[in-house]
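Chains as they are written, first to last, in my numbering: chain A, 1 to 998; chain B, 1 to 109; chain C, 1 to 185.
Honestly, the hints are just simulated from the structure, not real lab data.
Don't take each hint at face value.
Here are the simulated EDC-like cross-link-like pairs (lysine to aspartate or glutamate), alpha carbons at most 16 Å apart as the crow flies [as the list claims (entries may be wrong)]: (1) A:LYS891 with B:ASP34; (2) A:LYS831 with C:ASP3; (3) B:LYS27 with A:ASP788; (4) A:LYS752 with C:ASP3; (5) B:LYS27 with A:ASP722.
A short, non-exhaustive set of chain A residues, derived as facing chain B with CB atoms under 10 Å [claimed, not checked]: (6) ASP446; (7) GLN745; (8) ALA893; (9) ALA897.
Keep in mind that this is a model prediction, so the values were computed, not measured.
By construction, the Cβ of each residue, glycine as well, lies at the ideal position given by its N, Cα and C atoms.
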Amino acid sequence: MSTRLKTGGRRIDRSRPVTFTFNGQQLRGYAGDTLASALLANDRMMMGRSFKYHRPRGVVASGTEEPNALFGIGQGGRFEPNQRATMQELHDGLEAQSQNHWPSLEFDVGEINAHLSRFLPAGFYYKTFLWPRAFWKHVYEPFIRQSAGLGKAPKDRDADTYEHYYHFCDVLVIGGGLAGLAAARAAASGGARVTLLEQEPVLGGRAPVDEGTEGAALVETLAAEIGAMENVTIRTRCMGAGVYDHGYVLGYERLTDHLAHKSGPRHRLWRIRAGQVITATGAIERPLSFAGNDVPGVMLASALRDYLVGFGVSAGDRTVVVTNNDDAYRTALALAGAGLTVPAIVDARHGGAGALGAEAEAAGIRVLKGHGIARVKGRKRVTGVVLCKQVGEGAPVEEIACDAVAMSGGWSPVVHLWSHCGGKLTWDDAQAMFRPDPDRAPTGADGRAFVSCAGAAFGVFDAADVLSQATRAGLTAARAFGKAGEVAAPDAPAAPETNPIEPVWLMPASAGRALRAKAWLDYQNDVKVTDVQLAAQEGFESVEHAKRYTTLGMATDQGKLSNINGLAILSGALDTPIPQVGTTTFRPPYTPVSMGAIAGEARAETFQPLRRSPLHDWHAANGADWEPVGQWRRPYTYLRPGEDRQAAVTREITQTRGALGLLDASTLGKIIVKGPDAGRFMDMMYTNMMSTLKPGRCRYGLMCSENGFLMDDGVVARWDEDTFMCHTTTGGADRIHAHMEEWLQTEWWDWKVWTVNATEQYAQIGVVGPQARAVLQKLGARNIANEDFPFMSFQDHRLAGIEARVYRISFSGELSYEIAVPAGQGLALWKALHEAGAEWNVMPYGTEALHVMRAEKGFIMIGDETDGTVIPQDLNLHWAISKKKDDFIGKRAQQRADMTRPDRWKLIGLETSDGSVLPEGAYALAEGKNANGQRNVQGRVTSTYHSPTLGRGIAMGLVLNGPDRMGETVAFNKVDGSTVPAKIVDPVFYDKEGTKNV
Amino acid sequence: MLILTCPCCGVTAEETEFHGGGEAHLKREGPGSDDAALEGYLFHRENPRGVHFERWRHVYGCGKWFHAARDTATLEVFGTYPAQSTRPPEDLLETIRAKRPGWRWRDLA
Amino acid sequence: MSDPVSALHGLTVEGSVRVEDLAPRGMITLRGDLSDATVSDALARAAGLAVPDRRGIAVEGEKRLAWMSPDEALLILPRARLAATLAGLTETLASSHALAADMSDARALLRLTGEDAALREVLARLAPVDMATFATGEIRRTRLAQVACAFWMPAPGTVEVICFRSVARYAFDLLAQAAASPRIS
């Protein structure tokens, strides 16, 4: 059984017991425990079930690479699935649920899959679900959905907050083990700004476990030394998640996951810009591929050591160690030293180990050289191992009873962060591993290498070598900033002499199919040696193809344990050397990062900027039914008690056309254009001739892109000889201002023109309807009779004591003024207008009433009648396109053959015979079908509304030869497949003579 | 994510402060140009693997457009220079020649 | 005129730093070639402050004169002096190529006060700027999460932030959230 020992455990505090629950059952651990160590201490070796076959699985590792021990942690708004027990620190009240089983972890129906494993080989899904095609929707997809996904998605809104943090440093060191500490110390010695990230809660990495008390003391000394340096920032529980272009690095800091009482942000995403990055990310031990290597109780040798030394936990009473290298002997010695039984060290190498081998034998541990494990006995827990010769097919030579197996297939440097941004690898034959190739490092903005590696991440393992290599790496990184100090590598504990590793990719070397089919490569996705061999046999020779075909390395652990073993098997199957097979691509993040951390502050109220007009609060307090217009919120209509939208819109239109309505037009763009060349510039920006506009007058203008397409419209007022005020659409303000600046800065930089985007300086209020003049007079405007203040002109007036610029322009066909006042005065004017207009029952109207009234007058709306493919000529706006000008933006493009062809769809009005409203976006049907078998079309609806003024549906559309087909009836399609006939009419539906606007 | 130095305000900032504006040094073809020239101006763009000249705008900063010479494969930035130029400055071209012997971009080499 | 109102009516929140919406001030945007002595002299005279160098800001009492780009400056001044200053500036530059616009109501001015390190942390949560090296006398135009802003430190212990009026609430909420977060160092 696995249990807590009476003594030991450098990371736990036995004076602080902690209570937590596992599948509803209350268990105890200590402060400093991980969930994994606490579960082992409570003899919970079996921690989950695998994804495909639902095989019982125990914890296999002690760090981020753990593939099996995944749990749903927390409750309600703090529930999160797939959390690694090895990284989850224990705290009081922690709730953990095991995953991927039904009805229980112990008894699981899905385990039937394991018995069907012969029928679920690699590529099963691709092969099986290929046909019949009709099965996809009703049979295969529901089945796949049912079985897809590990763990359960959270249902509640996330109760936590998250944040980003922008951080800058000269040298960023990722990893706080011996190498990282030494590199940071060296890098900081000359004053460079150094930041060190460590994903674990404590610094030191493997040193305190593998180098004993000497290692622990060294870590303490180094940590204290750099901790006292003002130019060093150290963050623990902060993983280097990804390395990106130009020294951009994401750090993922977990702030409250380890706390019982949580406050403040849960995670912080460090957005770091580093001049130089040193990855000191250590190495990950590889499993060995033998039959039954996934039975709970089979663990990485280093993990067994970690649980013992770090947490005082033994995984079993009798542990067989199986290895192809010297390092696993440390586990045997540690276990024996703690009084536990190690029946044997099974070493695949004929020569066995160096100094540690002698030490083991001196401690009375039996060492079997040239041997391996043929298979593991037990199902939910190891009960023993059957040994064999490493060479051969696995004929049993001996059986040993045990309840744990410590395996080591060698170490793979964690090259992920080195590789994220393009660092290349080289195969180190002697150490049987891929390691970073320093000659092919990721390069930064200046073209020079900006990532280097230190320690085990670089393939350097001996403590003395690690310290000197990491010190050099730190000094070299600082030298890039001219800040290399003078510092010698710290002294290292003496290292035992070792024998070289011998690669073992399959145990025994010639294992038959029965054994290979139980030798697991990817624990989480249940990929076996036979699956990878089958993929190779079926032609998936590229490592990337084999990965996707077998799903090797595609689980949440992204193959940290399985990738190298898998590609070695592939290499064997293809008879191609490992370096030629290559690795799959390492992509960030290193381990999963929470969605909340990625979103940062962008949630709830601050999910996106919401732009508020100066009158926003008034609208909100007066029934506004909001409509998003870009990032603005505008009232679609103002609902009164008991009203629906339609009724409210009808009321607003009827009132405005009958007497007086008010519109908040503040969101419209307002760009000031000034300079001696302003007229010339305006002539280029607009299709109209703007340079001839008289000061004091207004003109409706069109703006096209250089492609000729209509991009914006609005009223231009000439403030004075040198100055224009350009009104744009609400969505167009920033875009049009940028468009103007682009041409001024990049094409006509010698023209004397300045622009200012003054959109937000002004509150702009539309005063609309037959009583508009009267209400302005009531507020103090003088001499504003039609002749004194004609349509399309502007004047300055003092209204209700507020200096205002009044534009007489109309988007509704009514007598109408737009009044601009400083934004901070907007509400005062708005209220004054309401007060003065009360006698005419004045009321505000929203964007829908605005849209209906403009459509009744046949005015186009950018975004309705235009979609980026429409030119002004399509909209019969020839009158707004100057023929006198040599040039304007888009003029040349409008002469292209496609723009001048006679059969372009053109703007017309549409009326249904029964008065109904045409569906939005409906197509005008034509005879026959196109090459794709779709019905031919000859036009489409661009705007369609119910007009309360006319008591019927009205619409505008673009139709083939439309203006020549007045009176003709065309069929429009409906979503239900039927059609509706509509007559082509003049798009001006209301007050064609313009009698209202006087 | 790139970092660029705006030659107008001198700020070195991350890509999120900027807005890419496509190929640099396009010659505008207005009225009177022939169809082929117009087509080239509107639609044809360089798409090199290697040295490229681009337009960027410091949209969250000083608002100014500028040009950048960049390697599209390695992302090395050779330099930035004012938008008010019809061809890259000679010292920048020298830098590129030294770093990327044999490079070509339109009629530059 | 009715009394001008700021976008957030003086809203204030206390956290690791204090965040407040300041009462309206006058703000004049000047577009003009700042390297042209006529323009910069007129500006300096109107402001009563020397025109700052690239990315600089001059501070005196309630007055600020900020370099916004090679051809744009922002003058912040007491509201009471706005009309006269704008008229004077416009007149002085009447024969020059320049555009002086009243933008007093277009922007919100937020002030953060507190411990220097706390101020820097609050901004570093939202703006992609190296706050460790940011100094008094500098103005940085950048973004605050998803909106454009500019900020400077008029004096140690104070940061002023401007953004467009329509997003004042968003910017305030961001700063309030960042100020509510526990200190990092």
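- Message: Flag every earlier hint the structure violates by its number, smallest first.
- Response: 3, 4 and 5
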